[in-house]
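A.B. asks: One line per chain: the protein sequences are A and B, in this order.
Numbered according to the working numbering, the first sequence terminates at residue 1161, and the numbering increases by one at each position without gaps.
Numbered according to the working numbering, the second sequence terminates at residue 1337, and the numbering increases by one at each position without gaps.
No lab work stands behind these hints: they were computed from the structure.
All values reported here derive from a predicted model rather than from experimental measurement.
All C-beta atoms in this analysis are idealised placements derived from N, C-alpha and C, irrespective of residue type, glycine included.
Cβ pair distances, simulated, as ranges:
1) Glu1303(B) with Trp1017(A): 21 to 31 Å
2) Met1102(A) with Ala762(B): 17 to 27 Å
3) Thr1135(B) with Pro913(A): 37 to 47 Å
4) Ala984(B) with Pro919(A): 28 to 38 Å
5) Pro919(A) with Lys895(B): 47 to 57 Å
6) Leu1211(B) with Asp954(A): 55 to 65 Å
7) Lys1020(A) with Ser1307(B): 23 to 33 Å
8) Pro919(A) with Ala1259(B): 32 to 42 Å
Covered by chain B, per the in silico footprint, the following chain A stretches (three or more residues, Cβ under 8 Å):
9) 877-888
10) 903-912
11) 994-1007
12) 1016-1024
13) 1029-1035
14) 1047-1056
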Amino acid sequence: MPNVNLAHLASLEAESIHIFREVAAQAARPIFLYSIGKDSSVLLHLARKAFYPARPPFPLLHIDTTWKFRAMIRFRDEIVQRFGLELRVHTNPDGVRDNVNPFDHGGAYTQIMKTDALKQALTAGNYDIAIGGARRDEERSRAKERIFSVRAPGHAWDPKRQRPELWHLYNGNLAPGETLRVFPLSNWTEMDVWNYIAAEGIDVVPLYFAAPRPTVMRDGQIIVVDDDRMRLEPGEAPVERMVRFRSLGCYPLSAAVASDAGDMEALLREMRTTRVSERAGRLIDRDEGASMERKKREGYF
Amino acid sequence: MPASVLRVLTCGSVDDGKSTLIGRMLFECDGIQDDVLATLERDSRRFGTVENGIDYALLVDGLEAEREQGVTIDVAYRFFETDAYRFILADTPGHQQYTRNMVTGASTADVAILLIDARKGILPQTRRHAAIASLLGVRQVVLAVNKMDLVDFRQEVFAKIDTDFELLRPKFNFTSVTMIPVVARDGDNVTTSSDRMPWYSGTTLLAALEAARPSTTQQDGAFRLPVQYVNRPDHLFRGYCGTVSGGRVRPGDIVRNTAARTEAKVERIVTMDGDLEEAAAGMPVTLVLDREIDVSRGDVLSADPQPVTADRLESWVVWMDETPLFRGRAYLLMLGTRTVVATVSDITARIDMETLEEEPVRELALNEIGRVSLSLTHPVVCEPYTASRDLGGFILIDRLTRNTVGAGMVTTAGVRSTDIVWHQMEVDKTARARLKGQKPAVLWFTGLSGAGKSTIANLVEKRLLAMGHHTMTLDGDNVRHGLNRDLGFSEADRVENIRRIAEVSRLFVDAGLIVIVSFISPYRAERMLARDRVAKDEFFEIFVDTPVDECRRRDPKGLYEKADAGQIRNFTGVDAPYEEPLSPEIRLRTLEASPEELADQVIEALRGAGTVS
Ligand SMILES: Nc1nc2c(ncn2[C@@H]2O[C@H](COP(=O)(O)OP(=O)(O)O)[C@@H](O)[C@H]2O)c(=O)[nH]1
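Only chain B is shown next, with the shape it has when bound in the complex (with noise of 0.2 Å):
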């Protein structure tokens, strides 16, 4: 039986012939029994690409056909076993979608195997898979120069392969590489010697793969538990649960919860099959301290050093979204057992794909990777991920569609310099909000152009007057022509405008005012940014809700004329989206009632909420 687990990660370009590859492989180390066996040959005779000969690629290619269905492609993990390891292969294809998925293979991977097509030798393309595995800790490759067949095995090809790799190799940090040519369709090299090639004596592929090490093991740190539960089945017991993730632990050791600065000793290492005297970094563990303090999922149990806690990341970010990486934007953060929400403080730069140099950059598209600030409303306990996977890989979490739409790399984390500190000011928000006799509120006016935005909004705040209270508007007249000159209307732009009108907001109900933004604020994640700098009652998202239609015949500043003309682009509406409230405040529907009763009805909701008496 084997001795452990080894992850692999497998990549190559279309039609180098990974699934031949893979496929043998599965085949020799007897991963394929009979009757599969027997469906492959049927397979191979009718849809074969083999010439009198089994296309052991049939094994695999199921995604080949999903690829054609429109169907997202996707990595897929196949096994098998040696005498050495149980094999965890993850296949990621070589199209469009590969930076995601080879990520998401790379993630876990001990060892990389790149495949090259002899003819072709290195590739933009090789550069990326190897760029991908070495930014994602992969530091054991196997460059498996495969068809050697078609250039009739002539060792100056897989010489100069050979050569142009190493001068490639100091842009990359792996500790271990080894080049093997193989013939993927007849097995040469592959998990036997091939007497074709007699020049090679190195080892087959299936060797260099029983030589590599599992990497994922970091025993000799210090000791680092990411509690994941904990589990209270009565009040005698409370045991903390968590895979270790770095170092070692005994009954006896004094573990701090890192961010709380407390600590405690401890006292059992409890499984089902009895206690333990030891754990170490990839074990599951309860583990039981000899006095209570305060832990709840999320936090992380060290020994000394400590891992740093940080409300600041740097870190290389891939994204994985349709949608780009915006500054300004906010996404759940998961790192470790904990989830925190982080905004997207700056993107500084990201890395060119043809000549892996960094460029500047404002904004990341789908499968880019780039440097990216986030600022976090907790703190995480953390490390660069260099130093740990555990405790420096995070995922992004949109936060309507809950999808993960990006993976990070903690590179330096810091905290928010002091002088910044949001401290309690003792002359604030209350105190200036008492003096004129009011709760402060924002009410945030949505809706598509020409839906009566203004108008509804104009008659609130003569209302609001009228009632003795302090109010401020904002509209895009007030802020686009100064604030926000600089910005225009790409969806990065809107995001940033949208970004700097809720700060704005945000000032003003710290001033004490109810403020009154009328903005078209096209996108769900921008109106939930604004929701989230004030306190949840404070608040009120009133969606002006006039269908297309209407707005397009009232057109009262001509702009819809304009957009259907094609003289204004991304116009919300005609060539840009809108995304309505799920669940506004208030929804006023302009069809229904004039713009004097929707104006009481606002006034009436906010007395409703206690914000106007």
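Next comes chain A alone, as it looks inside the complex (with noise of 0.2 Å):
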């Protein structure tokens, strides 16, 4: 990276490229977990560096809810193309038979389209590594994760086969049955994310940047009708506000916050001031405060 005033991202963007490399070398079955947004952005053009010239040597894996933004699926569709990657999609039948939404499913819609569906194309695809874009600042209990994460058989994650990592050895051996996720863009944050992108110039949905969008409020929060299968109320219309979103997902469960950040200039300079964290547009974590009650009610405080 050319700008001196960049080192500290050029050391983030060494330690992840190290990292790919360990994966290429270690996992007999290596696939990249590509979730289209800006985490999964960066990851993908780390892995481009890592290899190049070579394409990275691993497919993609997207899981498709079937509630992605369309702006998601087209870009997912046209990286793929441009890159010349291997993508494989995987949405789950059993949810797509039972008609399982973001509406009249809440919490059971994320386990079936989104846990169970991972699972079902990890263990189909026989996977024995597979790559993710989460950051250990996303939030407080992911403080701990480690870069190389084990999962007993069936996936599930187990305190006690979690591994000491030291020096920038990454054990990448695994007992029968064993898998492993990795996670190159633990230590990276969100603000670094968004410097990375721009010094680097990378590519990301236009979603993240501010637009007029037909929204409607939801709890207080802004969604984004992104089709007519949005469910409004008698009588209602969505209304055009100027948003953008810090993160994306499905887009019932995505909060868009209003914002006039247009361009990747505008964007950075809302990012350094910003008093709210990316998690508050995230509906799924919103239940943080309870469990913390949840904790002290068991006497944890």
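Using the hints, put the two standalone chains together into the complex.
C.D. replies: Listed below in structure tokens is the structure:
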């Protein structure tokens, strides 16, 4: 990276590239979990750097819940095409059969269309290492997640199996039935991700930039109406608002923020001064307070 | 934007105020956003320990809850940034598992913050933390003397702690030590100077961190590239990928594949952003060489002076597993990008964490640090840890669970002296075996006491003899009473017992014999060790599979009865574990067939494998 001011990004980049190469050297059947968002975009960029001039030596896997923003799917297909990548898409057939959706099924929706779907795809593909874009700064409970995180047979996270990680030595050896999740962006923050996207000129889904979009309010959050499957109240009509997203997922579950950061420069300025965390826009995370409460009830504080 | 990344280790005893201090720093460096702060304010009112204020510890205290749930306590990583650095804070809890966690955090740290409670002063715990940081190569430390409010901000208290630490300092290898009086709860001297301690004119904690230097970049030394991955998209391109661990490289430089003693010239340093003029320590690179030399993962490309290529290592090992480390045990050793099998050839001493002196021991328990000699199946390219964390730090991996069970630091490295090199003797195993008209083998009978090992082994030997084969039996009676009469039944002695038997078996196999071993041998790791002593097709693990209830019913020597009565300790199946073979060559189910039939099954299996005809 040319700019001296970006030295800390160069060092995060170096660590991530090192991790990617460890995966390629140690895995028998690696897979890249591609979720189309900004973190995946950075992750893919780093993978391309790690193996240049070759293409990354693993296919991409996208878990399609069928409720992603249309712009995300378009972006995904364009990226795959542009870089000549191999994309595998999986949707949980049970969920499709039972018409599982974010409006009627709440938490079960996430379980069935995301978690179960991912497990199905990983089992079917017999992958030993799955690379993901999670960061340790995303929430407090992730702060001690390993970079090479071991999963028991059946993909469960078992704290007792987690290995100490020393120096830059990543133990990718697995006992029968075990698999690994590897997180090359572990040490990145959301701000690092944006600074890097800007510095490297990485393309991201346009939804991250502010534009007038049709919206409705749900529980005090702004929801963008991406297609006519959105359930409107009787007599309700979407309202156009200048909004953008901090974090992208299934459109009925991703809250937008009011913003007029329409380009990268404005976005960086907004990010540097924002007083709200990325997590606030993820509707599934909102019961954090409740879990603190539960801990309190159980006498942990 | 920050200039660089700085990795910081924080350690302290329980309740020294570490969580409060970290929470405070995250807050003051703007790492906390409004919605998180709102939650924090609410939580502080409900669960906080600070009256009428914000309890910053709650920002990071998730770990405490997990401790009480009995979940393993781990290193937590937290980030914040200032203009000077983007900080990566490795937060290690001060509880029982502290060694393992601290070592993990210290392995990459540039600077360590050691917390001291002003009321308590330097505790044994402080000495341990300092010793571990020093051993792991952390050269810069900041001592935060916390809770100054509880000693009325008195300078004498601080001065006394300062003097106490100076007395200890010769025991450690620190280049910079900064001691700072703080009140984590209120923020005094954390990021802003305190007016409650006018006698202190030194820096704040944050300023001390900003003044520290990243230590990992060894850009002055000779060039080193541990090869991670060979990039070969087609027959035209071959690039060697890895992160430069020392020095610099430019196109035109001569580099050597250290272990193979071949050399080539660097032609290009390839990146997606174009070829580089130069690459330095810390950078991931892809090197293209001007000619084809054999290089693969695990090799090290180096400039002169070359690092050593060694198959014996003297090291410090931090043991991280519940099962102690014994002499004779074998593990996978990962150093740089190379993984080899390492056998523990000796354990000589451990550091007494109270006195920081070395004391002689024969085994290392969980969280102990000791001097360990290792002998490797294949050589590795390495350097002393003090010269290079990347080529001197290694991990030990259990071959069955695949867990990381130890961390090591090379102190010296050498090559097995030439007079005991296993040179190909003219009269060799094959020659000796041919004379006897047979293929040598080890028939390793394992199973519980009373399972029927000796009975079946005897019958097998008789049949082999009748077929004209040369055999030798090793069992408890002829070995325990002679060769191993110095050994008891502790876990360490059992390991040594099996190690010797494995070695003797190997010698007999070299003599061309079919060796029949009949031992309970309860641990998989030891049986694996015995297996590794001979060639792949020479070892037959024969599991005499009898349920423990049946063994107990048979109890031919009355041993189970004695064990139940507590007269025998460490009795396999009663108060010591038996690890069943996962994939034995032969499994004999004694409930389903007579000993004669089972002996025939063994002969059949040997015939199937081509060992006998
Ligand atoms: N008086 C006083 N109390 C403190 C200070 N720092 C922390 N504490 C209190 O000490 C207790 C333990 O702090 P905590 O941060 O949880 O300690 P940890 O176990 O080291 O993480 C809490 O009740 C804190 O509020 C300080 O500087 N002065």
